[in-house]
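S.K.: Full structure from sequences and hints, please.
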Amino acid sequence: MLEGIYLALDELFGPLLRSAHPMWVVTVSGAILGAFFVFLNYIFVDQEKMKKLQKMAKEIQEEFKKARESGDEKKLRKVQQKQLELLKLQNELMKDAFFKPMLISWPLMIIFWGWLRRWYMEVAIVKYPFNFFLFDIFHKMYHSALKPDELGYFGWYFLTSYVVGSVLRKILDMA
1 MLEGIYLALD ELFGPLLRSA HPMWVVTVSG AILGAFFVFL NYIFVDQEKM
51 KKLQKMAKEI QEEFKKARES GDEKKLRKVQ QKQLELLKLQ NELMKDAFFK
101 PMLISWPLMI IFWGWLRRWY MEVAIVKYPF NFFLFDIFHK MYHSALKPDE
151 LGYFGWYFLT SYVVGSVLRK ILDMA
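Residues in the sequence shown are numbered consecutively from 1, following full-length UniProt numbering.
In short, the hints are calculated from the structure, not lab data.
Below 27 Å or equal to it, Euclidean Cα-Cα: the simulated DSS-like pairs (lysine-lysine) are:
#1 K58 / K74
#2 K66 / K51
#3 K88 / K75
#4 K100 / K49
#5 K78 / K55
#6 K52 / K66
#7 K51 / K82
#8 K82 / K55
#9 K95 / K51
#10 K74 / K55
#11 K65 / K49
#12 K55 / K65
#13 K58 / K78
#14 K82 / K49
#15 K88 / K52
#16 K170 / K51
#17 K65 / K75
#18 K49 / K95
#19 K58 / K82
#20 K100 / K170
#21 K51 / K65
#22 K66 / K82
#23 K65 / K52
#24 K52 / K95
#25 K51 / K78
#26 K66 / K78
#27 K49 / K88
#28 K82 / K52
#29 K55 / K88
#30 K100 / K52
#31 K51 / K88
#32 K100 / K88
#33 K49 / K170
#34 K51 / K75
#35 K88 / K58
#36 K65 / K78
#37 K58 / K95
#38 K52 / K75
Keep in mind the model is a prediction, meaning the values are calculated, not measured.
M.R.: Right, here's the structure in full:
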């Protein structure tokens, strides 16, 4: 089943894959999917409720800090009770924020990463001007042909989608 999807993706993006440098292909892919996942989250998560909960958490944290400094046990227990209520509200919101977008995005990500893997499994997408010890550990752990100063498709995709997602979250004023 996946092979048919991969063949369709090859047909659709084949000219780009054959003519462009792998860094650009993975960068564009990461940007598109990163933006898609941010928009999914924007649609499914109540942003106003998220901001209210963040504001409430800051206020409770300040109350807790003041109560601890003053040594008022009664006030501390009240604040701890507020924290428990806040935690329940946050858990409720996180269920909506996590599960709905994940049901849509995970299958897409798995298909897309598998397809990119066919093209760029042991290809150095980006070469750094220095050796990064974590890359060396990772490459040795997975017996990769990549050197410690090289980053493969997955790492570059992750960095690209993270940057695009962070910028879009800021632009959309997401919590």
